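Here this note's numbering is used: position 99 in the sequence shown is 99, and no number is missing along the way.
To be clear, the hints were calculated from the coordinates, so they are not data collected in a lab. For clarity, every value in this text was computed on a predicted model and none was experimentally measured. Even glycine gets a Cβ: it sits at the ideal position worked out from N, Cα and C. Among the clues, some could well be false.
[Said to hold, decoys possible] Okay, the calculated beta carbon distance ranges per label pair:
1) Phe-18 / Ile-157: 42 to 48 Å
2) Ser-28 / Leu-152: 33 to 39 Å
3) Ile-157 / Ser-30: 23 to 29 Å
4) Asn-138 / Phe-233: 26 to 32 Å
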Amino acid sequence: MNYKENPATYILLVINIFIWLALEALGSSSNPETLRDFGAITYIDIRTGQYWRYISAIFLHIGIMHLIVNSISLFILGSLLERLLGSPKFTIIYIASGIGGSALSYSMISPWAVGAGASGAIFGCLGALGIFFLLNKNSLGRGGKENFNAVLIMAIINFGFGFAFPSIDNWAHLGGFISGAIMSAGLSPRIKLYSYYNPNKSSPYTITLRQLMAVPSLILIIYIFTWLGNSRFQ
């Protein structure tokens, strides 16, 4: 993999590393107050209207191992999704999944906890890959079906691992996975049997219902997650 093939993945990796270094330089990436200053998810802050934290929290990581694990996952899943859909669609799915993951995390987070990380966006890439292979499993033949099954198994294992350890924010993972699947349903193309597919070459196509409903569905999901969070402790 090189930069020209997957520029968005590389840019996101650089941003994550740069912000982590800034966290370490100005305090500590494990310090709740430093994380909060940089835009981590906290119930009180978002409850008072700081919804921009849904985005900023995507680029924060708690400790070096959190950064390394998410960077490896982004490198693998993000580069694959970017090659399949192209950089613009991949970027949209990544950010949208991160927002969805942050929103569900907010709806379930403890009032005293601090949430951060790209895990929701990365799980969104996993959900997006699942939908891509599901839509094209017949056109891609045996390989498409095997890839879909592999994504499904990977998702089950990762969710099971997340629920086994209370310190992992599996709600962010779930919110990101759902959001990525929704956006992929609208952005993933149907590949014609035996046709050459180039994600970077634009071509006219008819807008279908699934494409038309992707963004409104995501907005509705994020609104519901936010409403659930705002409705707590009243």
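Results for each hint:
1. Phe-18 / Ile-157: 42 to 48 Å: 31 Å, violated
2. Ser-28 / Leu-152: 33 to 39 Å: Once the Cβ atoms are compared, 38 Å apart, the range 33 to 39 Å for Leu-152 and Ser-28 holds.
3. Ile-157 / Ser-30: 23 to 29 Å: For Ser-30 against Ile-157, whose Cβ atoms are near 27 Å apart, the range 23 to 29 Å holds.
4. Asn-138 / Phe-233: 26 to 32 Å: 49 Å, violated
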